[in-house]
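**Q** In case you want the letters, here they are:
Protein chains: 4
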Amino acid sequence: MNFDIIRTGRAILHVTDLDKSRAFYEALGFIETASDDKNLFLRGIEEHNHHSLLLKKAETPVVEVISYKVRSEEDLDRLAAFFEKQGTKVKWMEKGSQEAVGRALRIQDVSGLPVEFYAEMEPAERLLQKYHLHKGAKVQRIDHFNCMVPDVEKAYNYYINELGFSCSEYTAGEEEKIWAAWLHRKPSVHDVAYMNGFGPRLHHVGFWLKDPMNLIDGCDVLASMGYGNAIERGPGRHGLSNAMFLYLRDPDGHRVELYNGDYLTSDPDFKPVRWDLDDPMRQTFWGHEAPDSWFEEASEVLDVHSNEKVKGSEPTLKKRKPTFVT
Amino acid sequence: MNFDIIRTGRAILHVTDLDKSRAFYEALGFIETASDDKNLFLRGIEEHNHHSLLLKKAETPVVEVISYKVRSEEDLDRLAAFFEKQGTKVKWMEKGSQEAVGRALRIQDVSGLPVEFYAEMEPAERLLQKYHLHKGAKVQRIDHFNCMVPDVEKAYNYYINELGFSCSEYTAGEEEKIWAAWLHRKPSVHDVAYMNGFGPRLHHVGFWLKDPMNLIDGCDVLASMGYGNAIERGPGRHGLSNAMFLYLRDPDGHRVELYNGDYLTSDPDFKPVRWDLDDPMRQTFWGHEAPDSWFEEASEVLDVHSNEKVKGSEPTLKKRKPTFVT
Amino acid sequence: MNFDIIRTGRAILHVTDLDKSRAFYEALGFIETASDDKNLFLRGIEEHNHHSLLLKKAETPVVEVISYKVRSEEDLDRLAAFFEKQGTKVKWMEKGSQEAVGRALRIQDVSGLPVEFYAEMEPAERLLQKYHLHKGAKVQRIDHFNCMVPDVEKAYNYYINELGFSCSEYTAGEEEKIWAAWLHRKPSVHDVAYMNGFGPRLHHVGFWLKDPMNLIDGCDVLASMGYGNAIERGPGRHGLSNAMFLYLRDPDGHRVELYNGDYLTSDPDFKPVRWDLDDPMRQTFWGHEAPDSWFEEASEVLDVHSNEKVKGSEPTLKKRKPTFVT
Amino acid sequence: MNFDIIRTGRAILHVTDLDKSRAFYEALGFIETASDDKNLFLRGIEEHNHHSLLLKKAETPVVEVISYKVRSEEDLDRLAAFFEKQGTKVKWMEKGSQEAVGRALRIQDVSGLPVEFYAEMEPAERLLQKYHLHKGAKVQRIDHFNCMVPDVEKAYNYYINELGFSCSEYTAGEEEKIWAAWLHRKPSVHDVAYMNGFGPRLHHVGFWLKDPMNLIDGCDVLASMGYGNAIERGPGRHGLSNAMFLYLRDPDGHRVELYNGDYLTSDPDFKPVRWDLDDPMRQTFWGHEAPDSWFEEASEVLDVHSNEKVKGSEPTLKKRKPTFVT
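Chains as they are written, first to last, in this note's numbering: chain R, 297 to 622; chain X, 297 to 622; chain A, 297 to 622; chain Z, 297 to 622.
Since the hints were derived computationally from the structure, they do not count as laboratory data.
One or more of the hints may lead you astray.
As the list claims (entries may be wrong) - Sample of chain R residues lacking proximity to chain A, with all beta carbon distances greater than 12 angstroms (derived): (1) 392; (2) 454; (3) 516; (4) 528; (5) 566; (6) 574.
Unchecked claim - Below, simulated EDC-like cross-link-like pairs (lysine to aspartate or glutamate); rule was C-alpha separation at most 20 angstroms, straight line: (7) A:426 to R:370; (8) Z:426 to X:322; (9) Z:615 to Z:588.
As the list claims (entries may be wrong) - Pulled from the structure, derived: some chain X residues nowhere near chain Z, Cβ distances all over 12 angstroms: (10) 332; (11) 430; (12) 434; (13) 456; (14) 457; (15) 463; (16) 507; (17) 515; (18) 561; (19) 569; (20) 590.
Even for Gly, the Cβ is constructed at its ideal location relative to N, Cα and C.
All chains, please: the whole structure from these sequences, using the hints.
**A** This is the structure in structure tokens:
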């Protein structure tokens, strides 16, 4: 590969009521960088770029794109050349066409997910040490995407072999097929995970917290503000990744994970960790089952070219969720 | 009242395999004060008395007594006189008849629960500042009992009016009847709680932890030692009491709560907090439902006079658990 | 004794600039119950009474009184009778003469400290579960007073023998004289501590936090708001009491301790813990020395009858601070 | 650059008593991978490589090398070619000559520090999820080196321009000269920091903890085992890096930092943060001064070719420590 994808960059989600969304995400501790009657730009307290979450007012909640930051403008050109050579149609978003972001490249990826790459984003003040402005769960930065796709092995092979991602952990399902995989560019457990299921859909966007107590603070503040219903699963500790987690559903049903405590995956000799799908400690190290909604519900995605919703397909592996044999 | 009950003192539980029990409770961080082939005496890291949990080897898991510490030997005499005057048969356990405990008084209480009172217990080294000996959830001290009884109002009235307990919080059920009540002598939320259900049974013994992170440490250590199945509910925050909780089932099914974070209830002008049974924030402030086992299962108790299991009765209030209308 | 002192109730401090004080205490997480141009009434998030800290606008920073809550109006009458019998002049503050407080009794105590007793205070909303209103160090409730007095043994004997306090821990100085003592009515380590030094002066008012992480949150928020200079000592763990601590100086130099993590002292058979003055683990379990200001500086106090500053005296024990022999 | 340095790898320290060192480092939570009467190999609970700290028995405590892990054997060859072209003498340690490590390259770097590069190290079991084996401060992994050098700008320029490091934060001293700089390869605040002072010397090796409470656990356990004297500074929060810190001195005086809570530095558009040397929030965000020993004392280093101690030089910038103007 002659291009360098750095990390998970931002997600653009369509939401039906910006005020409701603003109230929810600010309760969680997100910082509003800018907004108008169509857009709400949010960032975490550590972030020095303009936003990591862009909410756009729309009729229907859906995912416009998930975006990766690349090293330079040249990386964008090389990525475009690579995709075109492969027969993947690219869509350029010229600088100025999107607020706060430079030139961007969009494609529908191997799983049918809308993916964007950009190198440049306007700076914003880092509020990491403005502790008196930290609220709720004190969301620190974007960490990863988790996508539900019909063919995890296809996505896995493409992102590793063609785009230079590495695998940290994976779940083996039927006949040792990969049921789910955690892939990274930055040396954390993941920038993106793929999970077997009806898709392509975005399962959640994961945000990093500064410590495990902030998960508890997040629950307490959400509950005291009347958002108890938004808590779908957790807090708990993942077996896979070892991180503490909390899954929330925003007012439109988009899922957000608050996440803290994985590990460094910088080394080429790190051996991907294998988990069995039915291992009760895989999802929750403490043995709790996830609710069915967590396996079944996810956000639909748009086609970057037609702006229509992408029609999903049934997954290649039959099993939609683990069988708990505790 | 002319007697002074200080606090929850100890529980005596019958277990079927002392080695299994020892392994479990030591994983949680309990300290073993003494043991032989019939008895295992455990205490928390703060405790300066010999034990707060006595496990006795037996054929069947059952509760022998729940015990309160009183101020002096004279308080025991006055309690005995009070019970006898009321027609409640008392059983004296003379000093020397029980290891590490002075003279003790046993009765079958108004709910049919086996209750013991004692003033004297041998001292033990406090290990509060021997931090290198703290393990697991670092259990600090016994905090309370929770009992399932058929008639909560009867127990409530007796313990408040006759024994001098105060109510911190309660749950209102059908026709404003008390469905559950939290009563205290020490100025915390409770020394004992009563909950509507088939009984008399002991629902759980609660132990105080030093901070909320110890609940997470407890889960992590239990899970990594293979005790994931022991985690029945939590960690979470109670609406009622505001404490963080974790419910565990020991190898015989006895339930233990790890508990941290309630508040001071010393003031006579403190108004008991009322909760509606169906308030989704009552049990878990974050809105999680408790599993059915939590409402249905509890430990049977012995008759202090016959040493036979007490036969239970159906509760007076029909509702066995909340209806969640979230 | 035929009166029942329940607990540390409130402190009244004179400050020179109410706006500066308000900004500081609100940064710490105190809740403002009421205020006017002369008074600022503050409470912690758990407190159901109107205030635990009353700041009054004045020319000079000084302590007006430290106050204990008693069980009933009758306790006040009995306390007054007791003091008068002893020849201690009492001053009644009739109901209505002080905002939010019922009838109060004031005396100059055995050490020359201005002490108040009251049974009644107006209620206020408990904000314990309004998590979205918690800020800074999330101060939960008043816990204790610490006073510097010339003759600790005199205060010790009087509060234990005449007023019914118990000793949890103490520091032995020259010839086994008591250099400092921690005394309680509620079953915590202390409601009041006395320390050998030039006095009578108020060394600090201690407030309880909900967990150790709140000490760190408090430091972070104070520092990011420009109050770094207010941090005098800590965070650290006390050997004596085992609590985590943070000492702050308010804009007028009054000292506040944020405090979490002591233990239950309900039992009559609890043996007071003895520390040697020069034990390096006594003050800070981790061995850090306290700065000289901590030993030398304290708030002067008023005479409850003359409203003049009380003239201090040199302490009976020569040693003003430990000699560290680490 | 045509070589890829991944991260801080290991330090080799000479110590005078392996048993004393073992007791100290195990109290902190290090895991012993292997040992004999000359060597003690230690790793953190997350580490999948054999060791990150090698203690060798010797007459005098000194630093043998600080080591970086590179991507591949070819990177070693390219590094060797680069150094030789520059006239820097290289020393090859052939595979088999060092336990558990493949071929390694050693040089005396631009500051006179003994530096090693290696690509291969034997694997070890990751104990990240063996929570029952975690002790003390639960040291998770090696994070960084901090070196005291006479000419920080020389080191800064060399590591950035020649070896491909990036600067995250720096301290400006006299005439805007760089007084200290934090440089990284992995996207954290640093793999190595350089600080103005008599040198070359190793100031400390930094280890990552899983959360801020582990700093407090570390202090408590060290103190209760009698290692209170080992705590030199902290716990506190750095202004620079934002991390929580604790500085310890091992039995030979080598300094170890326990560290948690910096941020992601992956982006090429991240602007290095500038601090003024005399900013009281730089070292400790809360305003605490570091003790003089922290500025003056550091570990001497060996010459990789002669195995003699490197003779130090006075620093180019006069100021040895900040002037606090709080």
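**Q** Now tell me if each hint is right for this structure.
**A** So, going through the hints one by one against the coordinates:
1. Remark: the non-interface label on residue 392 of chain R is consistent with the geometry, its nearest Cβ contact in chain A lying 36 angstroms away (cut-off 12 angstroms).
2. Consistency note on residue 454 of chain R: stated as away from chain A, and its beta-carbon is indeed over 12 angstroms from all of that chain's, at 43 angstroms minimum.
3. With a cut of 12 angstroms on Cβ distances, residue 516 of chain R falls inside the contact zone with chain A, its closest approach being about 4 angstroms.
4. Annotated as non-interface, residue 528 of chain R keeps its C-beta farther than 12 angstroms from every C-beta of chain A; the closest such distance is 19 angstroms.
5. Residue 566 of chain R, annotated as away from the interface, keeps every beta carbon of chain A farther than 12 angstroms; the closest lies near 31 angstroms.
6. Listed as outside the interface, residue 574 of chain R is consistent with that label: its C-beta sits roughly 36 angstroms from the nearest C-beta of chain A, beyond the 12 angstroms cut-off.
7. Annotation: proposed proximity of residue 426 of chain A to residue 370 of chain R is violated, straight-line Cα distance about 51 angstroms (limit 20 angstroms).
8. Under the criterion of a C-alpha separation no larger than 20 angstroms, the hint pairing residue 426 of chain Z with residue 322 of chain X is consistent with the structure, at around 16 angstroms.
9. Distance check on the hinted pair: residue 615 of chain Z and residue 588 of chain Z sit about 13 angstroms apart at the alpha-carbon level, within 20 angstroms; holds.
10. In this structure residue 332 of chain X is separated from chain Z by more than 12 angstroms, as the shortest Cβ-Cβ distance comes to about 26 angstroms.
11. With a cut of 12 angstroms on Cβ distances, residue 430 of chain X falls inside the contact zone with chain Z, its closest approach being about 8 angstroms.
12. At the 12 angstroms boundary, the C-beta of residue 434 of chain X falls inside the reach of chain Z, the nearest C-beta of that chain being 10 angstroms off.
13. Here residue 456 of chain X stays apart from chain Z, with its beta-carbon at least about 39 angstroms from theirs, past the 12 angstroms limit.
14. The non-interface label for residue 457 of chain X is consistent with chain Z: the shortest C-beta to C-beta separation is roughly 44 angstroms, beyond 12 angstroms.
15. A cut-off of 12 angstroms between C-beta atoms confirms that residue 463 of chain X is not in contact with chain Z; the least separation is 34 angstroms.
16. Some Cβ of chain Z comes within 12 angstroms of the Cβ of residue 507 of chain X; the nearest lies about 8 angstroms off, and the non-interface call is violated.
17. For residue 515 of chain X, the non-interface assignment is contradicted: its Cβ lies about 9 angstroms from the closest Cβ of chain Z, within the 12 angstroms cut-off.
18. With a cut of 12 angstroms on Cβ distances, residue 561 of chain X stays outside the contact zone with chain Z, its closest approach being about 28 angstroms.
19. Non-interface call for residue 569 of chain X relative to chain Z: holds, since the shortest CB-CB distance, roughly 30 angstroms, exceeds 12 angstroms.
20. With a least beta-carbon separation of about 25 angstroms from chain Z, residue 590 of chain X lies farther than 12 angstroms from that chain, consistent with its non-interface assignment.
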